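Asks: On the provided structure of chain A, position chain B with the ligand as indicated by the hints.
Chains as they are written, first to last, in the numbering used here: chain A, 1 to 390; chain B, 1 to 288.
By construction, these hints were calculated from the structure, which means they are not laboratory data.
Any given hint might turn out to be false.
To be verified - Pairwise CB distance ranges, derived in the manner of DEER restraints: (1) Gly318(A) to Lys244(B): 37 to 47 angstroms; (2) Gly199(B) to Trp371(A): 58 to 68 angstroms; (3) Gly281(B) to Gln249(A): 52 to 62 angstroms; (4) Pro17(B) to Gln249(A): 21 to 31 angstroms; (5) Ile15(B) to Gly241(A): 21 to 31 angstroms; (6) Gly365(A) to Gly164(B): 43 to 53 angstroms.
Said to hold, decoys possible - Just some of the chain B residues that point at chain A, by a computed CB distance under 7 angstroms: (7) Lys26; (8) Asn92; (9) Ser94; (10) Thr96; (11) Ala97; (12) Ser103; (13) Gly107; (14) Leu108; (15) Met111; (16) Ile114; (17) Asp138; (18) Met139.
Only a predicted model underlies this, so the values are computations on that prediction, with no experimental measurement involved.
Every residue gets a Cβ at the ideal spot worked out from N, C-alpha and C, and that includes glycine.
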Amino acid sequence: MCSEKQKNRDTITELLHGLRNKAFITGSEAVAEAVKRANVDMAIAYPITPQSESMHLVGELFAKGYIRDYYRAENEFAVMAAVHGAALGGGRVFTATSGPGTLRAMEMFPVWAGARQPIVCAFMCRGVSLPPSIQPENIEMGMLLDTGMLMLHAENGQDFFDMILQAYLIAEQPDVHLPVGVFADGFFVTHTREEMRLPPEDCCLPPYDPGFAPVPVFDMETPPMRITRDPLLNKSNFISGNANASWHQEVLAAAERARKHIAQYMGGLLEVENPGAKIFIAASGTAVSQSREALRMMQAEGMDAGLIKIKSIRPFPGSELCKALEAADLVVVPEFNAGGWLAREIRAAIDRNHRVIGAPRVFGGMTMPPWLIVEEVKKALGAGQSRGGC
Amino acid sequence: MSKKIITPVASLAHILPEDYRALVEKGPHGKSVGIKDLGSFKEITEEHPHCAGCGVSLGVRLALAALPAPEDTLVVGTPGCSFFALSQTAVNYSNTAFGNQNSVASGLKRMLSIRYPDKDKDVVVMAGDGGIADIGLDMTLHSWFRGEKISTIMLDNEVYGNTGGQESGMSPEGQVLHMAPKGKNFKKIPVFEMARTAGCVYGAKVTIASPKRLGMAVNRAILLARELGPTYVQIYTPCPTNMKFSPADTLRIAKEAGKAHYAFEEFMTEEAALRIAAMEGGLEKEPE
Ligand code: SF4
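So here's chain B without its partners, still in its complex pose:
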């Protein structure tokens, strides 16, 4: 797709919002930019309504900046805090019912393969832990079992943020939350491990405190999904509002998690490893 298609006709340019014009002029489309170039291009419009210090909004920005082909990427999401930043990104975004994102993405990816047999259209699910691990877990897993060529990215804030701080399947054990008044009494759902078992060809677990690793994981996940099958990235995106820490501490919290329960992990099939080596000129040591 050429940039021409996003360029407004001259007679209408003045009525389009400044944000849109800035996206056309300074967006990532058709350029080879990534996490390292953040700040030199525009991946999201400003003034999103996330709370101050929100880890989810940073997770969305970093993931979006790492897309290999934003001009041919379609993101499917679900209601929740992730919606706010996602709806203001420079890619097509659709938000349907709660939890069905991997089913919607399955139908979408297959139809795009019919309509554009010679083009790569990257279909990416980007949704919260509630949508992926709770209400939508069956659909998440089945899209993996079926080998759908989509990437699933979980923005794991370990809580239902948008509905006011209820326990999620991904909340840490023992955490006192709404609907868990005596503390959560079971462990985080091992979605990362399940992804491997269910047939994902690549998986990564990363926090927003490691932007380069995050960018690498998202990039790998999307490129591998094009060729080989389903991929999964689980990003720790802490929520200051509901986890009751200062918005200024988000990165510190994420960094600490990265040393404890959210240490960087990656898995890949043999075929995926070969493909990564070919794509990246050797399977280098992951960046910090």
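Next up, chain A with everything else stripped away, as it sits in the complex:
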């Protein structure tokens, strides 16, 4: 909710392109700064490391009058269910979670997408399995790829701030109206202080208007009167099967329609540095920052290499990657997880996919020294780029 101090003016342009002031804050603080400007009606929280601090700060925003309602629910599944209920009631909502919390709440993410709700959720990724780890890792993103929600991956605190506001703008488009997950690698982003540029505090998004939703709000004020908001299509007949399947197709089509809005508000689904290169590093999240350093080291050695920063994981920039990698001989994909979901996605999107090397992969909370990336490039060049493909 815009506080008394905030005014509704042409805030979308101002927020995205207006004057910005310097701030030296953590990624968690950046989340709260974004929520402060997002005109959120309701936020619901449950603590889990490394997310907790951001939702404490969102609670403080509630106490100061920036949000109309906020409470600590009993677990992550309940949080995501309550956020679903709040969105059914026609308001703008926010929540955040991490690793095991994400998986505990898993059933609700396809429900959000199936209910066409423009919920924005921040995911501060971390390890999920036994032995228990709270350390940075983004394997959970691989597990969320097919939930129907849009997925944006922040490289740093600045991205995290910007993407949360951009997420509302994209999610609430009538031709999209889907949940958006904004992902950041836990600790590396959430607990690191960096210089960011923030729009003035008196600038916030215009309020959400459920009248533009492509599905009726569940509030008894939207005709037709008698609504089974979420019909159970459980008859094994052709009509029921078709109705269910076409709904899922529509969810996927809505994600495709998000591309133009991502282009408008985020400047594209990916960014390419040194487009003419033959060797590319392609990454998302904090692996992009490590790749920037690796690129510098390689260029210092006289290697002609480029970098692709993938910002949108869903929708996935398949055609953009095909174009950017048309003349490339080698694509190295460093990741902060054991499964290598990004390399899999890239391999599935481009031709001659033996060019893709799914390495280095670090997990369990390890850091990714840039030289590790450089070594993978050199190893691949030495082996004639035959590793990682068939």
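Replies: For chain B with the ligand alone, coordinates are given in the frame of chain A:
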């Protein structure tokens, strides 16, 4: 909300189903009708797919007929047999994941209070015993602990009906059921007693064989939830298919339960009792 909003525009009226038009013409909206007027208005569309003699479908009909303001009521449910009749009622109904109904209702009620600060929007959870007492028990209890202003109505058929007759936490002790091949070895979960402890301001336990009492309990629960806090009604809705009795015997089974383990019970806080007395012109003896 006026009835105008549910009335189809003339040019589209002919393509709307007969059921919908009948709901507009003969529904309970904007009228002061209740259980005693059943049959004179339309609270549900016909031809629901419940089994013959289903207690749950009768429970849904009776509860729906007792809503104080159907035009401003939002029902949240969960997968299971209760869905069939609920999706064909004259009120908005949403069915989400299994067991999360009280969490969904919490978020929904709070958001409606933000969007309609001067209107009463009744958020009612209506779900089976599996959803409320088993998979969703934590969320049921926490919504009560938090004092959410919602009414929870359990349609207790003492079994998982829709999945084919498995044991539920509300099944009677000793009952042989799927997944309880040697008979259930623990008692019915005392949700009614827990409701009082967890902070419900009103609770009632009733069977479908006492429609007037049922109507009174539902009506009280919803009106008290508007003002005071969470309320709970537990309705015995026997399932002939899985409990293996004749569909013709549903009411007899319910009546017998009403004399045994499902005797009518009610609790209320002092404040709730005062409010009921003010609403009903004195706390009269409960109808049969
Ligand atoms: S299985 Fe039982 S509860 Fe379900 S519809 Fe049939 S009779 Fe009713």
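Asks: Each hint: holds or not?
Replies: Evaluation of the provided hints:
no. : hint                                       : result
1   : Gly318(A) to Lys244(B): 37 to 47 angstroms : 56 angstroms, violated
2   : Gly199(B) to Trp371(A): 58 to 68 angstroms : 59 angstroms, holds
3   : Gly281(B) to Gln249(A): 52 to 62 angstroms : 57 angstroms, holds
4   : Pro17(B) to Gln249(A): 21 to 31 angstroms  : 25 angstroms, holds
5   : Ile15(B) to Gly241(A): 21 to 31 angstroms  : 24 angstroms, holds
6   : Gly365(A) to Gly164(B): 43 to 53 angstroms : 45 angstroms, holds
7   : Lys26                                      : 13 angstroms, violated
8   : Asn92                                      : 5 angstroms, holds
9   : Ser94                                      : 4 angstroms, holds
10  : Thr96                                      : 6 angstroms, holds
11  : Ala97                                      : 5 angstroms, holds
12  : Ser103                                     : 4 angstroms, holds
13  : Gly107                                     : 3 angstroms, holds
14  : Leu108                                     : 4 angstroms, holds
15  : Met111                                     : 3 angstroms, holds
16  : Ile114                                     : 5 angstroms, holds
17  : Asp138                                     : 6 angstroms, holds
18  : Met139                                     : 5 angstroms, holds
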